[in-house]
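With these hints in hand, go ahead and build the complete structure from the sequences.
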Amino acid sequence: MELRSAFRVNGFVVLLGWLVATLLLGAAAVLAFISATKNDGGALAWIGAVTAFVAVMVVFLLATGLTIVNPNEAKVVTFFGRYIGSVSDPGFFSVVPLADRKSISLRVRNFETQKLKVNDADGNPVEIAAVVVYKVVDSFKAAFAVDDYEEYVATQSEAAVRHLATTHPYDAHDDSRTSLRDGAEVAEELTVELRERTLTAGIEVVEARITHLAYAPEIAQAMLVRQQAAQVVAARTQIVEGAVGMVALALDRLAEQGTVELDEERKANMVSNLLVVLCGDRATQPVVNTGSLYS
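Those letters in the sequence shown? Residues 87 to 381, per the working numbering, in order.
Derived from the structure by calculation, the hints contain no laboratory data.
Every residue, glycine too, gets a C-beta built ideally from N, C-alpha and C.
Hints may be right or wrong, so weigh each one.
[To be verified] Computed beta-carbon distance windows for the label pairs:
{"id": "1", "residue 1": "350", "residue 2": "314", "range": "35 to 41 angstroms"}
{"id": "2", "residue 1": "273", "residue 2": "326", "range": "45 to 51 angstroms"}
{"id": "3", "residue 1": "195", "residue 2": "253", "range": "23 to 29 angstroms"}
{"id": "4", "residue 1": "105", "residue 2": "278", "range": "51 to 57 angstroms"}
Printed below as a string of structure tokens:
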């Protein structure tokens, strides 16, 4: 069964007709009772009583069909256990009398998962949490496909976050892997997975993002030392690459301009000195050579 629009008419028109019919039936009942009193006619009295009873029943039946639909809300209408449609247009309407109406909010909602402790793809325990932005787009599925669509979204969100954490490392040590710290890529993957998981409940996931990500307390200090060491190695690598380029440029410029001619031994000595100056983490003390270059 699919989502469909329920039969409805303008509630104000029905209310006006209800008032007119009530007045007419009431007037007929009063006239019948007065006529029966004057003419001492029992038949007319019974007609008046039946007319009044019919008027009351009509009023009751029509009143059971009146409903108000607020903006960004849907009414799921069922008639004695059978789904007859939904009303999502805001306003005052009259649906089938004696029908049951369940309100489903179509507003955009936020849900934040608890901080979950999960092992990442490298086996490191991490704490992770996410916020999910969603809304109901199919009121029929939200009402009847699952017991409680809010609880369903909460459960599926935690399951998706756990699955995401186990398939990606906290830190990627090469460019071929996506880590949990890559916000845009991880958010897109989580959103797509949640959309597939919540489609059964008539839910559209607007966005899902990681709000908390950290190593578990028992390994946080060790991982901090590891991250610092990795950053030091990366910085040193970049410094060495730059220093080698600068030394090669210096030798090429000296050879090109013919400023001085150096043999292989002197070139090696010059390269060693330049690398010490460029790669050292402390300021170097210059030594002035006042003698011959080859002394």
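task = May I ask you to test the hint 51 to 57 angstroms on the CB atoms belonging to residue 105 and residue 278?
result = Roughly 54 angstroms apart at Cβ, these two residues keep to the hinted range, so it holds.
request  = Given the range 35 to 41 angstroms, decide if the beta-carbon distance of residue 350 to residue 314 lies inside it.
outcome  = Holds: the Cβ-Cβ distance is about 40 angstroms, inside 35 to 41 angstroms.
message = Between the beta carbons of residue 273 and residue 326, is the distance compatible with 45 to 51 angstroms?
response = Given about 36 angstroms between the Cβ atoms, the range is violated.
ask   = CB of residue 195 to CB of residue 253, is that within 23 to 29 angstroms?
value = The hint (23 to 29 angstroms, Cβ to Cβ) holds, given that residue 195 and residue 253 are roughly 27 angstroms apart.
Figure legend: structure checked against the earlier numbered hints; the only hint not met is number 2.
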